[in-house]
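A.B. asks: Residues per chain, in single letters:
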Amino acid sequence: MSAAPQTASGAASAHTSTATGTLAERAAHVREMARQIRRSALTMVFEARQGHPGGDLSATDALAALYFDAMRYDPANPRWPGRDRFILSKGHATGALYSVLAMAGFFERDELKTYMQPLSRLNGHPNRVKIPGVETNTGPLGHGLPVAVGIAIAGQIDGADHRTFIITGDGELQEGSNWEAAMTAGHRKLANLTLIVDRNRLQQGAPTEETVSLEPLADKWRAFGWDVAEIDGHDIEALLPLLDGSIARERPLCIIANTVKGKGVSYMENQASWHHGVPNAEQYAQAMKELDA
Amino acid sequence: MSSPAPQTSGLFDCRDAYVAALEALGAQDQRIVAVVNDSVGSSKLGGFRKLFPERLVNVGIAEQNMIGVGAGLANGGKIAFVSGASCFLTGRSLEQVKADCAYSQANVKLCGISSGVAYGELGPTHHSIEDVAWLRTMGDITVLVPADPWETDQAIRAAAAIDGPVFIRISRMGVPALPRPADATFEIGRAEVLREGNDGAIIANGTVVCRALEAARLLAEEGIHARVVNMSSMSPIDEAAILAAAQTGAIVTAEEHSVRGGLGGAVAEIVAQNTPCPMKILGFAGFQPTGSAEFLMERAGLTAGNMAASLRALLGR
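Sequence lines, in order, name chains A and B.
For the first sequence, numbering that gives the first Met the number 0 begins at 0 and goes up steadily by one.
For the second sequence, numbering that gives the first Met the number 0 begins at 0 and goes up steadily by one.
Please keep in mind that the hints were generated in silico from the structure rather than gathered at the bench.
Label pairs and their in silico Cβ distance ranges: (1) A:Pro80 to B:Leu10: 42 to 50 Å; (2) A:Asp73 to B:Pro180: 47 to 55 Å; (3) A:Arg108 to B:Thr136: 35 to 43 Å.
Residues from chain B that keep clear of chain A, each with C-beta distances beyond 10 Å, as calculated: (4) His125; (5) Arg171; (6) Glu221; (7) Gln272; (8) Asn273; (9) Pro275; (10) Glu293; (11) Phe294; (12) Glu297.
If you want the footprint, here are the derived chain A segments under chain B, 3+ residues with CB under 8 Å: (13) 121-131; (14) 137-150; (15) 175-182.
Using N, Cα and C, we set each Cβ at its ideal position, and we do this for glycine too.
Using the sequences plus the hints, can you model the full thing?
C.D. replies: Here is the structure:
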């Protein structure tokens, strides 16, 4: 294989977000959508008596920024070739993802009530064959980034202006397949690819740094040929300019979004036990009250 | 049981038919791309790279990434032919095959090169005698095991024509071109009766179909007229052809694959639940010792002589 092809890269032609208004106005809209996503996801988990609320809540702000500001898509034509793609590699965060897809118009919000019920298409992990708006079936960790890299290469070959976004968990980066894909993305200078690492620092049972440490994480991505931005992952004003295409790039971008697992519900925040905990009625009422503001 | 020495002239490497078909398809359709794991040479894709350099994606020695990239290219509108040694393509990245391709119904074509015991002397790490068993249980991926150059060409074209995941098992062992009528057609899910007969049947696929035909010729000399069925489509499989074969009274299956879960297993699942008949499953019983592909196949009884003897025994003749 020769060096990366000389066809037009995503950077040269990538479209920008069509969101309008000042940054503050856009952020206010995204924040309100994020609040609704959190309420919806928690309600789904509470009613289904299962789910992964901690990871739903840490990824919510990035999801809201993508779907309600940065990305170009058409819910009436979910396989439109020119769409931006999003892959949730941490496929267990379906409380948040399904809420977002319903709010974006890919299916009716009423259907969220069927989450994990017998024969529902909304099972614990997303299925592109059944659910419009899902790009690839995830669940086993370390699968999203290689697929995202493939989409980005297709765009690179075609000189297309669509962009590909992906959220991985941080513990998930212990899967080696991510680093195979990271190497390919760096080698091919996939400027049309943006990875958001949901850096909540907790994996299923313990902190990442106590399990198998990921740090220095930013240095790892830089060494693989990526641009890196480290931000507070709940700071919408920081997220939007990184996602809206307004910054021309020549390399793939890794956003290390420092987040709080369980963000927005006081008793869940930074508690590994809420990775797949389910609130009781009293806890649910308290959470909804906290998310009412 | 002795058998004639294998034919050494007029043999074809099916990789040549594979790449010829891929180059022809690539010239007609811009969506055709090839994905490799540093296997341009072993997949014989040098010609494709020369013709369509921007459509040859080499991800390096990274099979999990290779399968995911193939699924992503499909998402981006491409028809991705992902090629690599079958042992790594399937074994190293089995979960990517399952989740990214089969379960996701991605339009990816997985080409398992040098399957079976083609890498004989390199040992069981490089043998791929489990691939069909692994993939056919998934159900949502088409599994094809072509037997000669014509069928390889047809399988590649059929795979490109359907929207969905396909695994095509390709050998590097020389095989003869099988005798066929000029108007023969290939269809996914349909078996091919290469020789009519009602005194038992030999069902085979891949590199050993030619040996099954030779076995039938040997049996015919004794007045035993065996049917020979080429079961190149492993998933979906031609149940009607299997049930019809069971009506001949006995079935020998032969495959360059493990005796567990491959062609023999698939035939047994259907026969045992519908019209039980005596069967013999020929293939590899487990990890194989050192030896050439031909040596290992002979040792496992994948010879015309042993196929004939096995059917004769089942028939009590």
